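Peer 1: Respectively, the protein sequence lines represent chains D, S, P and Z.
Numbering of the first sequence is given in the numbering used here, commencing with residue 1 and proceeding in unit increments.
Numbering of the second sequence is given in the numbering used here, commencing with residue 1 and proceeding in unit increments.
Numbering of the third sequence is given in the numbering used here, commencing with residue 1 and proceeding in unit increments.
Numbering of the fourth sequence is given in the numbering used here, commencing with residue 1 and proceeding in unit increments.
The set of hints was computed from the structure by calculation and includes no laboratory data.
Bear in mind that the values here come from a model prediction, so they are computed numbers and not experimental data.
Take these hints with a grain of salt, some might be off.
[Claimed, not checked] Calculated cross-link-like contacts (lysine-lysine; reagent style DSS-like; alpha-carbon spacing at most 30 Å):
#1 P:LYS259 - S:LYS261
#2 Z:LYS259 - D:LYS259
#3 P:LYS71 - S:LYS242
#4 Z:LYS261 - D:LYS27
#5 S:LYS27 - P:LYS261
#6 P:LYS261 - S:LYS261
[To be verified] Partial pick of chain S residues on the chain Z-facing surface, computed with a CB cut under 10 Å:
#7 GLY158
#8 VAL163
#9 SER198
Cβ atoms here follow ideal geometry from the backbone N, Cα and C, with glycine treated the same way.
Protein chains: 4
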Amino acid sequence: QNPIVLIAGPCVIEDPERTLAIGRSIKEIAGRLQIPYIFKASYDKANRSSYNSFRGPGLKEGLSILAHIKKELQVPVVSDIHCVTQIEAAAEVLDILQIPAFLCRQTDLVYEAGRTGKAVNVKKGQFLAPLDMKNVIAKLEEAGNRNILLTERGATFGYNNLVVDFRSLPIMRSLGYPVVFDATHSVQLPGGAGTSSSGQREFVPYLTRAAVAAGVDMLFMEVHDNPPEGKSDAANMLYVDKLEALLQDVIAIDNAVRKHK
Amino acid sequence: QNPIVLIAGPCVIEDPERTLAIGRSIKEIAGRLQIPYIFKASYDKANRSSYNSFRGPGLKEGLSILAHIKKELQVPVVSDIHCVTQIEAAAEVLDILQIPAFLCRQTDLVYEAGRTGKAVNVKKGQFLAPLDMKNVIAKLEEAGNRNILLTERGATFGYNNLVVDFRSLPIMRSLGYPVVFDATHSVQLPGGAGTSSSGQREFVPYLTRAAVAAGVDMLFMEVHDNPPEGKSDAANMLYVDKLEALLQDVIAIDNAVRKHK
Amino acid sequence: QNPIVLIAGPCVIEDPERTLAIGRSIKEIAGRLQIPYIFKASYDKANRSSYNSFRGPGLKEGLSILAHIKKELQVPVVSDIHCVTQIEAAAEVLDILQIPAFLCRQTDLVYEAGRTGKAVNVKKGQFLAPLDMKNVIAKLEEAGNRNILLTERGATFGYNNLVVDFRSLPIMRSLGYPVVFDATHSVQLPGGAGTSSSGQREFVPYLTRAAVAAGVDMLFMEVHDNPPEGKSDAANMLYVDKLEALLQDVIAIDNAVRKHK
Amino acid sequence: QNPIVLIAGPCVIEDPERTLAIGRSIKEIAGRLQIPYIFKASYDKANRSSYNSFRGPGLKEGLSILAHIKKELQVPVVSDIHCVTQIEAAAEVLDILQIPAFLCRQTDLVYEAGRTGKAVNVKKGQFLAPLDMKNVIAKLEEAGNRNILLTERGATFGYNNLVVDFRSLPIMRSLGYPVVFDATHSVQLPGGAGTSSSGQREFVPYLTRAAVAAGVDMLFMEVHDNPPEGKSDAANMLYVDKLEALLQDVIAIDNAVRKHK
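Assemble the whole structure, with the sequences as input and the hints as a guide.
Peer 2: Okay, here's the thing in C-alpha cells:
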C-alpha cells in the first residue's frame, strides 16, 4: 500500500448510477496503484453562490445513496455536514464527517461532530491563518475526539481568487494531525462566473505535485467522468481519465520525500 | 431626525442589567443627537476562536433578555442567527435578523430568514467580493423579502488582519439596498491573540468617519461601558463615553455628503 | 486659506500648451476655493507596463516645460524622479521631488533626494506596510532633510487590484510628517488592461471624501480636461470639470474633522 | 548533468575570502550532484529597509571580487543591477544581469540590460501578477534579447508577509522562457523585524521541493556557512551544510516530474 490516501468523487451526488460509476472508476485506479481510497460526494451543496443552483438529493436520500455506494465499492465514505441537526443521521453512514471551510469556526458543529467519535475532516477557512487551526483542533479534542484531519483548500487572495500558501502544510502537520490537500477547490475562482464560482482545472496537476512534494498525508480531489457536465464545480473538477497519470506522479514524488514526514 | 441609523450595543449579552444599562446610555446619546437607534447584542457567540470562550446566555434566555430590553428602551432589536432552527423563535422577538459574515453563503439560513418577512441584515463575508452580495440578495428576494441590509465588516488581508475596501460601500449601495458599516468588527485582528481575536480600537473613529464620508445608511458599533471587561471583542469595542463625540462627527460629515446618496 | 493642499495636474506632460491649460484651470478652481495648489506632471513615465507606451518629453525638455508652467502659474511644481542622475537637474526646477512607489526602498534615490534640501514626497510602495515608512523617513532624516511628505496610493490586493487601507493615514501621520492621499492612482487596476493598467475613475470621489474624513494634509489627483484622451492613466484621471464640486466636499468634510488633526 | 540549474551564494559580498569559500563549498556540492552551478552575490544591497544596514563593497570593488570568484571557481556569475549607469561595467564581468523585484517595471533598466546581449534574470515584483511578466519580456525582446530568465520570489500577502502562488510557475513557463524559483527570498517577512526584514528559513526546503514538483528550470538560493552571521537576509539564508541533502531531494523530484516540462 502506498501511504498517501485519496479522497475523491464527484462534487455533488447527481444521478445515483453515474455517481457510483465514477466511484467505481476511481476505485479501480486507486486499486491498481495500491492507494487507499475514500469516496466523497456531497448530499447537499448548502452554500452555492446562487439560490437556483443544483444542491443535490438532500440529507435523507443522499445518505441512502452514499450507504449504497459504500456497500457496493467497499470503501469508506466522507461527506459535508452543515448543521448540528444533520450529524446523527450522517454519522450512521459516513466514516468521516467533513466540516466545510466557511463553517470551520462554528463551535457547535465542530464539537458535536467530534462527539460522534467519527473521524472529522475540517477544511481550513479561506479567511483563517494555518496556525489558527489549533483552536479548531482544541474544540474537537474537548469533545474527546483525536481522529482529526486538517484540509488546505486555499486562502482568500484579493477578490474572486484563492492562493495556496504551501507553508500551511508543514504548519498544520506540526499540530499533530494528518493534513489533506484539496487540489480541486484550491483552484476555484470564488464568484468568478458572476452567479457561480469558476475555476482553473489546468492548475490541478501542478498544485497536486507541489503539495505532495511539500508533504501531505492525503489528497482530496473532485473527479468526474465529464466535468463540464458536472452540476457543481464544473470548472475545477478533474477528468477521471487524467487521474491515474497524476497519481503515478504523486507516488513517485511521495517516494522521494517521504523520509521528511 | 438625522438620516443615519445607529445599530449598537455590547457584542454579547453579559449580565442582563449591565446590558440594559449600556443600551440605555446609547439610547440617551442617540436621542440627544436625534439619531434613530437599534439595539444589538448577541445571545450566542457561535464561532468563537476558542471552545472555552464565553458564548452568552443562549437562544431562549437571550431572546427573553432582548425582549425585555426592547420593551424597556422602546427600540428595535437585532441579533445574530446561526442556524435555521433558531429562526422561528428569533423572529418573534427580533426586528432584524442578522446573518453573520462566515454564514453569508449558507443558502437555507439566508432564505429562511428572508421567509419570515423580518428585515435581514447580511454581513458580507471576509472572503467575498462586494459585487457578489448580489447573489445573497437574490436568495432573499427569492424568499419574497426586500427588507434587506448589507454590512461591510472588512475583507481578509493576509493572515490575522482585515482591510476595509471603501469601494465596497458604493458597490453595495448600487445593488439597491441600504448599506451598514460595521466599525468595530472591521478593526478586528482575527486570531491575533492566539486563542482569540484581537483588535485595534484606536482606528474605529477614523474608519467610521471615512465610511460616512464615502456614504453609508447605517452604522454598526459594538459599545461597552468598559470594553476591556467585555466578554467578547474586548479589544475592538468602543467606550460608550466616546460615542457621542464620534456621532457628532458622523452627523457633520453626513450633512456634508448626503446630497450624493 | 483652507488647510488642505492640492497637488494636481495631468499624469504626464503631453502637449506643453494643453498641459499648461490644464494647470491654469486647476489653479482657477483652487483659487476660488482658497485651496493652496501645487502643479504636478511627469516628464518621464519610467515604469509603464509596456515598452511602447508614451513616456513624456524626458528630463531636459520636461523640466523646461515645468519651469515655464511654474513661472506662468506662479505655483510650486512637483514631479517624479527615477534615478540619482536626475536629481541635480530636477532640484533646480522642482519644489518637491517625488519618489515613485516602486522606488520607495531605493536607498540612494531617497537619500540623495533628501540631500538637496528640497521637499521630498515619498509614495508608499504597494508592497509596504504603513508603519515601515518609518525606515524611509529615517533615510531622509539621515540626509538632514525633515521636509517630508508621505503618500498613500493603495496596497497590493491579490492580482491586478489595489486596496486603500485607511488605517494607513493615521499610522503615517503618527510618524510626524504630513500625509498625502493620492486619489487617482489608488483606483488603478495594475496590469488590468493586459498591456497597460486600467482604473476605476468612478471611485475617486468616494475615496477622496473618505480620506479627508479619516484625516489627511494634502490631496494628490491626476486631472485632465479629457481623461480618455490622456496618454497615461486615462482610466483613472479625474475630469477637470468635476474637480470643483469634489473640492467643495473636501472643504466641508475637512471643516468637520479638522479638530482631530 | 542534471537539468535543474542552481544559482546560489551569499546574499551580499562580505569578506572576499569568505565569499569565495562559500562559493567553493557550493561548487563542490553541485559538482558531486552534477548540477550546473552559477555563483550569486550582490555588490550592493540598494534597497535595504534601513539606511545604516550593510550594503556591500559597491560596484567597482564588488565586480572585481566577482571577477576573481568567477576565475577561481570557473563558474558563471550573476548579480543585481540597480541603475542604468551600472550596466556597462556589470556586463563586462557578469554572465547574467539580474533585475531586482522592486525594479522589474523600470523600463530603461530592463531595456538597457537587454541591449547588452547578456542573459537577464528578472525577478517578478511582489506587486505583479505572473501573466504581467509578458510585458517585461516584451521590453527585453524589443532590445533584441531573448536570453531571458523569470524568477518567482513571492507575492505581497497582507502586510509584512509574502506568499508563493505556485500557479505562477506554469504561467511564467508558458511565456516561453526558463523559470527560476527563488527559495530564500520567498520566505522573507518584509519589514518583519522593524528596521529590517525577517524571514522563515525553516520553510525553504518545503517550498523548494514544492517548486521543483510544480516544475521549474532553475533554483535560486542564498546560502551561507553561518547565516545568522550574514550581513543581509540572515533569517532566511540556507546553511551551506543543509544544501546537499536538499539538492538530492530536488534531483529525485525533478526526475519524477521532468516529463511534464
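Peer 1: Could you run down the list of hints and mark each one as holding or not?
Peer 2: These are the hints, each one checked on the structure:
1. The hinted pair formed by P:LYS259 and S:LYS261 meets the criterion: a straight-line CA distance of about 26 Å does not exceed 30 Å.
2. With a C-alpha separation of about 24 Å, the suggested pairing of Z:LYS259 with D:LYS259 holds against the 30 Å cut-off.
3. Taking the CA atoms of P:LYS71 and S:LYS242, the gap is about 49 Å. The hint is violated against a cut of 30 Å.
4. Using a Cα cut-off of 30 Å, the hinted pair Z:LYS261 and D:LYS27 holds, with the two alpha carbons roughly 29 Å apart.
5. Annotation: proposed proximity of S:LYS27 to P:LYS261 holds, straight-line Cα distance about 29 Å (limit 30 Å).
6. With a C-alpha separation of about 27 Å, the suggested pair P:LYS261 and S:LYS261 falls inside the 30 Å cut-off, and the hint holds.
7. A cut of 10 Å between beta carbons decides the hint on S:GLY158: the least distance to chain Z is about 2 Å, and the hint holds.
8. Checking S:VAL163 against chain Z: minimum C-beta separation of about 8 Å stays under 10 Å; hint holds.
9. Restraint check, S:SER198 versus chain Z: the minimum CB separation of about 15 Å is more than 10 Å; hint violated.
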